[in-house]
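Undergrad: Protein sequences appear in the order of chains R and H. Count the first sequence with the working numbering and you get residues 1 to 220, in order. Count the second sequence with the working numbering and you get residues 1 to 434, in order.
Bear in mind the hints are in silico, worked out from the structure with no lab data behind them. Do not rely on the hints blindly, as some may be mistaken.
To be verified - For lysine to any residue, the following SDA-like pairs were computed, each having C-alpha atoms within a straight-line distance of at most 20 Å: (1) H:K124 - R:F200; (2) H:K179 - H:A161; (3) H:K52 - R:D148; (4) H:K52 - R:M135; (5) H:K77 - R:V151.
Stated by the list, open to error - Examples of chain R residues toward chain H, derived with CB under 7 Å: (6) F7; (7) T68; (8) I143; (9) A212.
Beta carbons: idealized from backbone N, C-alpha and C, even for Gly.
Here is what each chain is made of, one letter per residue.
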Amino acid sequence: MSQAMDFLLWTKGPMFTIAMVIFAVGLLARLVEIFVLGRATNYAEPRANEWLPGFRTVLTRTVADPGTFERAPFNVVVGWVWHIGFLMALLLFIPHIELIKGVLGISWPGLANPVIDFFTAVTLLSLVATLVHRMAHPVKRHISTVEDYLVWTIVFLVVLTGYLAYHRLVSPYPLALGMHILCAEIFLIMLPFTKLTHIFTAFIARWYNGAAFGRKGVQS
Amino acid sequence: MSAQESTLSLERGLAAFRAEIDAPTAAFFSSCVHCGICAQSCPFYLETGDPKYTPILKLEPLRRVWEAEFTLWGRIKRLLGLEQKVTDAMLAEWEELLYDSCSMCGRCSLVCPVGNDLAYMIRKTREGMVQSGHAPEGLINASIRAVTTGSPMGLQWKTLAVQIKHVEASTGLEVPIDKTGVDYMVLLSSMEIINFPEYLEAITKIFDHAGVTWTLSTECFEATNAGIQIGNKDIAAQLVERVVAAAEKLKVPNVISPECGHAFTAIRWEGPNLIGRRYPFRVFHIVEVLETLRAAGRLKTEGKETDRLSMHDPCNLARKSGVIQQQRNLMDLVADDFVDLKEHGRYQWCCGAGGGVSSNERAEPLKMAAFKRKKAQIEEVEPARMVTMCATCRTQLEEGLEEFNMDIPVVGLTEMIADHLVEKDATAEEEPQA
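For reference, chain H alone in the conformation it holds in the complex:
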C-alpha cells in the first residue's frame, strides 16, 4: 500500500465522501437536531466523558461535504464564501474519532430520535478517510496482510494444517478439506485459529454428531474482512471474492461464518454489494446453523452447566444481524442457570473492541475505557462465567476482565454445545460395518 499511499490525497478523500453520499445519508444529516442523545448510547463517550466522542460529531467531515455540495443552502453559502471546508488537518484530527473511538457497534443508530443510522455513515466516512491517507497504521497493516497473505494476522494455511492435525488426533475424526458438494463450507478467523483452536474441534465434533457434511477450503479459510473495518471497498471486495471463488469451486450451497461478529456482517450483508451480485450460496453464522440443528432435533445433548452463566451478544451478530433468540435457545439446551445482562439483544453494549479498534494498537486505552460499560453490566448480574460467540469480543472480555481483576472465565458457545453432545454409542457406530 506504500506505493498507493503517495497517491492518497485530500482530493481523493473528498471524492470518496461524495461518492458515499446517498439518499439515506442526506435524510439523516437533514434531520439531526443536535440533541446529543447519540452520546448517551456510545460507550466511548460515556466511559470517557469527553464530548468530542459524540457520535454525530464523528461524521462532521461527511456532513460538511454533504452540506456544501448536496444542498441548495450549502451551495449558496459556498458562493458567499461561508463554506466550512474539510481540510487535511481536520481529517487528521478526525482519524481518532472515526477509528479509535468507534467500534461501529450501531447502538447510536438504534436510539437516535430522528432515526439517523450513524454506524451506516461511519462506515461510509471511513472510505474517505482511507482515500485521504488518514487511516490508522494498525488497520493499514492488517489490510496489507489480509490482501497479501489471506489473513489480517498473516496466518497461513500451514499453521491451520497443524491445528487440523491436533484436532484430528484428539477427536479421532477427519477434518474435511476441499471436499466438493458438501452442505457447508466453513470459514474461520485467524484470531480463532490462534487464540481459540477449540472452536474447530467443537464444530468437527458437532457436525459429525449431527451428520452434517462440511469442508474447509485451502484456497480461502479466512472469514474476516479488514477492508470493511478500515473502509476500503476495493480491498473488501477482493477479500469477499476469495470466499465466493472458493465456495463456487467446491459447489457448496452454504457458507458458515465463524464465531466472529464483523466477519458475519461482512460476508452476509456487505459482501454481495461489494461484488455487485447475489451469491450462488447462502451464508449463516455458526450460531444460526447450530440453532437449526437444535430445532431439527439433531443435537443430542446430556447434562447442563450448573454455574451461573451470562452472555455477551456481539453487536454485529445481534443488533446488526438479527441473531438474538438463536443463542438463547442454545443456552437453554446446555445451561441450567442462565441470566441475561440487563440491556441485551439489540440493545446490548459493545465490548469496545469491534470495528477495527482491536487491530489499532494506538486505540488500546480507549478500547479498555469503553470496556468499562460491559464490565458494569457484568457486575450487575454477577455470573460465574460469560459466554459469547465472537473471537474479538471474547478476547476483549478476557483481557478486560483480567485488567479489572475479575475472575470470570469467558467461553465460546459452540464449544460449550460440543462439550454436552451425547457420545456416540460405540455399538451403533459399528453396526453399519457388521
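Chain R extracted, bound-state conformation:
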C-alpha cells in the first residue's frame, strides 16, 4: 500500500512537474516553429479581408459538408462521438475541474459522475471502433504510421485507466489513480511532438485555410 501511495505521490509531484514543463516548452517550441516561418506578402488584389473568413473556418470545419458525411459517415460520426466524450470526461468530471482549479485558478460547474461514467464508456467503445477502422479501411491502413498507433494507445490508456480507477477495478486505489495520472502525463509529454499537436494547431491550420480561401471570395 505504501509503495502504491509513493507511486501516486510521485505522479502527482515530480512527474507532474516534469510533464507540465515538457508539455509547455514543447508546445511553445512548436508554435514558435510554425509562426517564425511566416507567410510571404500577398500582392494579389483580395476580394475580401481574410480575418473573418479565417475565424469562420475555425468554427465551420468542425462540421463535415453533406457530401463528405455521405461518403465517410463512420469517420465523421465516430470522430465526433469520441472527441466529445473525451472532452466531457476531461473538462466536466468534477475531480478534473478541481485539478484545473488548483493549477490555473479557474473553474466551472461539472456533470454528475454517472453521466461522465456513461460518456467515458462510450468514448472507450468508440476509440476501439476507430482502431478497428484504422486497421480495416484501405486508406487509413495505408497511411497509418507507428505514431498513429502509439497515439491511439496513449489516448485509450488515459481513458481506460480513468475508468478503471473510478470503478475501483484496480487495487489498491492509489495505484489505479497513479496509473491514470501517469498516462495523462505521458499524453502531455507526447502532445507537442506528435499529431496530438492538432489539439492546438488545427485551429491555426483552419484559420490559414479560411483566410486563403476567404481572400479569394470563397468561404471554406
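Given the structure of chain R, go ahead and fit chain H onto it with the hints provided.
TA: Relative to chain R, chain H alone:
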C-alpha cells in the same frame, strides 16, 4: 531545359522544398491526424480505389523535409539517425502521385477536418519536384514551348491572325489589335484558339454589342501558365511578366482571362506574387466581365435555350477563385431549363484534367478514371447539354462523354450568351452617320 536538366538534382529539390515551407505549411503538417477524409474528396482515389492516391500522402516528401528540418523532435530524430530521408528513388515514385493523380482541384482543402490546404502544398511540392528533375515529360515540353514560343502548344500569332480574319469575315466586325487606352486587354488560351475559335467570335460580338472597348496584344495573347502547372516559379514569373509588359504597353486598366481555369488563378492570384509587385491593372475572368455587363443592363438578349442544361464549374474558377454566382446569373439570362449538378460551386467535382494532368500524356488513363466522378454527377441530372467556361474542362468533358458514349454536347457559356444577343437595329446603326 535540357542544359538545365543536368544541373537538376536531389540537392536542389530539397532546397526548393525547404524554401517552400512556410507557417501555413508547418501548421498543416502539425495538424494532420491521418483520418483519411481527404481521400474521400479526391476523384483520383475515389475512382481508382487505390489508397496510394490519398491526397495527404502525395505530400510526404515535403512533410519529411518539414519534420526533419523544421521541428524540434525531427531534429532529435535526425541526431539519433531515425530520420526518414527523402531520396531520389522516393521522388521518382512520387512523380505520379504529385502530377498524374492530382489536378490541384483543391477539393481536399475544403473538406480536411483540421483545415489543411492540401492543394496549396501540392503546388509547393511540385517546385521541389522540378528542381530534383522529377517532372513529367509532357509538362516539361509544354513549359519549354511556353517559354520559347509564347504558347504551351507552340501556337504562334500567325495562327491566331488567321482565326481573327475568319472572325472578322463572319461577323463583319473588327477584332482590335494593339489598341492603346482601351478598357480591356483580352487574353486567350492556345487550347481555345485551336479547339474553340467560337470564343473569340463570341467576345467580338458581345463587346461590340455592349460598347466595350478592347484589344488583343500581338506581344502576348497567351493566358495559360505552364510554369505554374509544372511548379517552376522562374518560368511562371517569366510568363506573367509578358502579360504585364503587354498590358502596361497598351496602358489598359483591365485584363481579361479567357474561358480557362488555371490561366485565371495564375494571372489573378499567383501572378502578382510571382513578380513580387501589384499590377497597375485589374484582372477579371470573362465570366466576371459578362456578369458586370449583364448587371449594368448592357447585355440585351432575346430568346432562351429550351433544352435541359447543366453546368460544370471549373475548380479554378469556382472553388479557387470565388466565381460561382456569376455564371448562374448569366445562365438565367439565356436558359429556361437550367439544373445544377448536385455538388456544385465550391463543392463541385473536378473534370479530372486540370493542374497539368491534360498536358501529361502518361496520365491519360488516370485522367479518364477521375472523369467518372463527373460522369456520375452528369448522369444524375440527365441534361441535354453541359455548359462550362474553361477550355480544358470542356475538352475533357467532350472526350470523356464520348468515351462513355454519352450524347451530351458541351458548350461554352460565352458563346451561348453571344448567340442570344439582340441583333443591332440596322437603322439605329446608320443613324449616327446620317
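Undergrad: Against the earlier hints, flag every one the structure doesn't satisfy and list their numbers going up.
TA: The structure breaks hints 1, 6; every other hint is satisfied.
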